Amino acid sequence: MGNVLLVAEHQHGKLPKTTLIGLTAAKVIAEKTGGSCIAVVLAESTDALAAELTGYGVDVVAVDGPAFATYLADAYANAVCEIVKQKDVEVVVATSTALGKDLLPRVAARLDAGMVPDISDVESATTYKRPMWAGNLIATVEVAGSPRVVSVRGTAFDAAAKGGSGSVEKASVGAGETKMKFVEFAETKSDRPALTDASIVCSGGRGLKNGENFQTVLEPLCDALGAAMGASRAAVDAGFVPNDLQVGQTGKVVAPTLYIAVGISGAIQHLAGMKDSKVIVAINKDEEAPIFQVADYGLVADLFKAVPELTDEVKKLKSA
Amino acid sequence: MKILVTVKRVPDPESTLKIAPDGASFVRDNVKWVVNPFDEIAVEEGLRIKDKVAGSEVVLVSIGEKAAQEQLRTGLAMGADRAVLVLADTDLDPLGVARVLQKVVETEQADLVVMGKQAVDDDSNCAGQMLAELLGWPQATFASAVTLADDQKSAKVTREVDGGLETIEVPLPAIVTADLRLNEPRYASLPGIMKARKKELKEIPVADLGVDLTPRVKTTKLETPPARQAGRKVESVAELVKVLHDEAKVI
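In order, the protein sequences belong to chains A and B.
Numbering-wise, the first sequence is residues -18 to 301 according to the numbering used here.
Numbering-wise, the second sequence is residues 203 to 453 according to the numbering used here.
If you're looking for bench data, these hints aren't it; they were derived computationally from the structure.
Just so we're clear, the structure is a prediction, and the values are computed from it rather than from any experiment.
Quick reminder that beta carbons are idealized off the backbone N, C-alpha and C, glycines included.
Hints are not guaranteed to be accurate.
Derived Cβ-Cβ restraints for the label pairs, each shown as a range [to be verified]:
1. A:Gly157 with B:Asp352: 24 to 32 Å
2. B:Tyr389 with A:Gly15: 22 to 30 Å
3. B:Glu386 with A:Pro289: 50 to 58 Å
4. A:Ser127 with B:Glu405: 35 to 43 Å
5. A:Gly155 with B:Gln311: 27 to 35 Å
6. A:Gly192 with B:Asp352: 28 to 36 Å
7. A:Pro47 with B:Lys254: 30 to 38 Å
8. A:Asp139 with B:Glu441: 29 to 37 Å
9. B:Ser227 with A:Ser127: 23 to 31 Å
10. A:Gly157 with B:Lys435: 55 to 63 Å
11. A:Glu168 with B:Lys220: 39 to 47 Å
Restricting the straight-line Cα-Cα distance to at most 30 Å, the calculated cross-link-like pairs of lysine-lysine (DSS-like) are [unchecked claim]:
12. A:Lys286 with B:Lys444
13. A:Lys162 with B:Lys444
14. B:Lys444 with A:Lys297
With the rest of the complex left out, here is chain B:
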């Protein structure tokens, strides 16, 4: 079984981003870059499926600048078999990302694509669903459990939805997007890191894919939202109840 997992290079979620002088992008220098946390969960899920289904291969895909090699090596060190980096200098909108991924999925003939449910930089939560539609595949988003059928022709996926957990069944090939509780990603071991250096990492210029990348969506301005002012400390529960009742009038 061939499992494709997407890996996005994003700024560390704990860092603060500065708006660039153009007012429509953020400063990329001195930013610590990491694997999108939901993609780490996706890599882990790919590896767990590989462990269960003999003869499986986990292929990582990233789209972006050459430096995204670093994030792909992280995934390879976790245990993925090889990686593909689609080199693109400009940011793509989610539909552009989905189109590029469609080409890679078709070339690789993947049986299953596992992605993070959203990237924590632009918070779009779109690419997986769009890719499913472009491929004509079923989608199982926000997954908290994935169970493959014994014949590996379908999967039951439990989804984190409003008000509870929904289970759906999808035939393969399919797209699964990972939610927080799908698994606890492993740390790369030292031998894993050593091995990762020798694993195949293929680079493909995005132009070679012949995909229409004209963005439909363009960010024209970035701004910082008005900061919320800190209020005041109260000394006791009695005082808290009094101010909430008399002053804020919310209880």
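So that you can see chain A by itself, here it is in the shape it has in the complex:
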């Protein structure tokens, strides 16, 4: 009857979709353990975030303090582990974002707990499914002992819907002895939606040839569709775009309603990051490219002609 604790990540004072996906998974796991689902939020001041979270029908433990103004693994791990002990927590959950991936293994080690990273399904309170080998194998994994730690694949659950209510309890736990120091965050400025939030994603690959073409060819299509921009590892490796845009096994995992792959051959490791998308479109001049094997609609064409044309057609459609 142990409780399930979600570490609720926030950005710019808001709860991103990834957090709401983690909340859904945490609630599913709580049904299996028979305990309650609790969310912990850590920030300099948590009031607004805690209030927003309760609107999703979850009790909130709020950890306030200047030590939590920016995320640092050792400080967060210390506070989260204290809450785990205070709240009779059986399973600790967070979404596999950069923060979740950084934090949870540290939490697991401190709790001497088994950890299952990146779960895609919950079979029982101790049995989970997770993709490995770039999503080409699905493993069923059993984890022993209590507490246990799981991180949640960001595409595997729906975002929790608003509804219900919950309590807010202020916890007095500290950051402990922290060795890490935050220096700065250079944010990628963009008016487009975040990759993991977007319902449409347009990604470019090596076929775009250089970084400038991402701006002049792919960006207008993204803007016409209101889409997020992504990239293949090959494009990142070649230095065309920042790694932040990488979709794939070692980058971000996305499952939008529409995924348009432009000039992407479709290496295994790229497919791992997008093959759960609802509709996949591939535009590539090589008709043998493996991307066509997963695409619902394939267009064999020179992207430098097809993409501007597509951009114009989309604009026409939107203004009609």
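Here the structure of chain A is known, so what remains is to put chain B in place on it, guided by the hints.
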């Protein structure tokens, strides 16, 4: 400065794995084995730090079957000084890996541990963070740049996080895990390969470390996910827009 770098033997990421008859592991025969690509980046970073800090030593560590010698020799050929292979017949879970590494780090008294951010076989992305906690060290994961302070007592590390690049400062000793853009790993030169054959490669049976290796996490089944069916080709941009609008109803 002593820099410890982890090297994992993994199947070539381009290969296709077959599920073994037990249904819970994959067929290991006829598989091409390579150094985990992120570990190659970690080795390169270790070597670059060694080049900057006189008197440094780069020590490689691997855990696994005897054949992992091959991957350690690859790292030695790139320029690492010596290697340690912890012999273990069974697969360890990430916490087991971290416990073994903790012993090696303590014995070696390393000042810095550089690891790949994840191994491309099980995609766990856990061992580095767990090792940092077990040692009580700071962690700088997903690194795209590492700058050591002049006194080598701390490092500034730029991290690839959601929405941008974060820079943190950590005192040494510390764990750094390498992301894709940290560097471009060098190829081993022919003289490097020749020299690597003579470099020290010490084997330690895992039992000698006295670590509790009882796995917390056990894979009970492996399966192939349902394959996505290929759709159809469209002839023109106009047709593409039409099907996306009328048929798929996604724009």
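Hints versus structure:
no. : hint                               : result
1   : A:Gly157 with B:Asp352: 24 to 32 Å : holds, 29 Å
2   : B:Tyr389 with A:Gly15: 22 to 30 Å  : violated, 56 Å
3   : B:Glu386 with A:Pro289: 50 to 58 Å : violated, 33 Å
4   : A:Ser127 with B:Glu405: 35 to 43 Å : holds, 36 Å
5   : A:Gly155 with B:Gln311: 27 to 35 Å : holds, 30 Å
6   : A:Gly192 with B:Asp352: 28 to 36 Å : holds, 34 Å
7   : A:Pro47 with B:Lys254: 30 to 38 Å  : holds, 35 Å
8   : A:Asp139 with B:Glu441: 29 to 37 Å : holds, 32 Å
9   : B:Ser227 with A:Ser127: 23 to 31 Å : holds, 27 Å
10  : A:Gly157 with B:Lys435: 55 to 63 Å : holds, 58 Å
11  : A:Glu168 with B:Lys220: 39 to 47 Å : holds, 44 Å
12  : A:Lys286 with B:Lys444             : holds, 18 Å
13  : A:Lys162 with B:Lys444             : violated, 53 Å
14  : B:Lys444 with A:Lys297             : holds, 12 Å
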